[in-house]
Amino acid sequence: MTPYIFWFLSVWALFSALMMVTSRNPVYSVLWLISTFFAISGHYILLNAQFLAVVNIIVYAGAIMVLFLFVIMLMNLNKETEPQKNRWLKLVGALAGGCLLLVLVAALKDAELKSQQAMVGAGSIGLIKVLGKELFTRYVVPFEISSLLFLSAMVGAAVIGKKEITHQNS
Amino acid sequence: MPINYYLFLSLALFTIGMVGVLTRRNAIIIFMCIELMLNAVNLLLVAFSKMHHLKNLALNASVGTDGQLFVFFIMVVAAAEVSVGLAIIVMMYRNIHSVDIQFLNRLKH
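If you're matching them up, the sequences are chains A and B in order. For the first sequence, our numbering gives the first residue as 1, with consecutive numbering after it. For the second sequence, our numbering gives the first residue as 171, with consecutive numbering after it.
Just so you know, these hints were derived from the structure itself, not from any lab. Be a bit skeptical, because a hint or two may be false.
Derived, one-sided and incomplete: chain A residues facing chain B with beta-carbon distance under 7 Å [said to hold, decoys possible]:
no., residue
1, 29
2, 33
3, 113
Derived DSS-like pairs (lysine-lysine); straight-line CA-CA distance at most 30 Å [said to hold, decoys possible]:
no., chain 1, residue 1, chain 2, residue 2
4, A, 163, B, 225
5, A, 90, A, 109
6, A, 109, B, 225
7, A, 129, B, 225
Beta carbons: idealized from backbone N, C-alpha and C, even for Gly.
Produce the complete structure using the sequences and hints provided.
Structure (structure tokens):
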């Protein structure tokens, strides 16, 4: 059963990612990217990383993608205003990406870890209990620093996004 | 599942994101492709953590949690990055009324 779920989720993720890159309308791109994130969350559940699956859906599909949708709808982007590169640049870009994939696959297909297995559907390291204990003991300093990072990101976004009042007064 | 399959799936997703960055001109879609690349790396980290867990299960019952916590921190950094990046894109749109990166290549106007 597990290989079928793996192949289904993989095909789903790759198809959604391709549709995300190729669709003209930015709103459709966002929706395909959300579909990709759900497929990746399915992979996390398959690997029994349940905490990361839930966080992926809440943070990525729930918060970040809604932010993207807000910005796209704020700018009123649609098919007519979408800028297009010329065909040769697109072809060269796709060719360069294909070469990168080819080189990486060729380099890694005979790697030493070829015979290793990833534990699927078992193991308790992905559960909230284990990860939370680790996060608040060994990783408590990075955790607190990440809260500082959020604070600075919030202040930065507010400072960048606000209108220039001094410019209007002068 | 063999770790090879996860490796190749992540490489394919990463390459799709890379091709998107190279071929699109809309700054927001380029940003979304970067998110896709981050997610491909996250998937590979989780797969490797489970591989490591299976390999060293006898030594330590909680081996492999580091990889999953790294994924958590990558998500934290990505959320902060997206908020600041989108603020910058909105500000650029307010100045030049476009998100076409062709007009943004000089970083001044």
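Residue 33 (chain A) as an interface hint toward chain B, with CB separation required under 7 Å: holds, 5 Å
Given hint residue 225 (chain B) paired with residue 109 (chain A) - CA-CA distance at most 30 Å: holds, 20 Å
Pair hint residue 90 (chain A) and residue 109 (chain A), alpha-carbon separation not exceeding 30 Å: holds, 28 Å
Evaluation of the interface hint that places residue 113 (chain A) against chain B, nearest CB under 7 Å: holds, 6 Å
Satisfaction of hint between residue 225 (chain B) and residue 129 (chain A), Cα-Cα up to 30 Å: holds, 22 Å
Closest C-beta approach of residue 29 (chain A) to chain B relative to 7 Å, hint status: Since chain B brings a Cβ to about 6 Å from residue 29 (chain A), closer than 7 Å, the hint holds.
Restraint check for residue 163 (chain A) with residue 225 (chain B), where alpha carbons must lie at most 30 Å apart: Violated, at about 55 Å.
Checked against the numbered hints given earlier, this structure breaks only hint 4.
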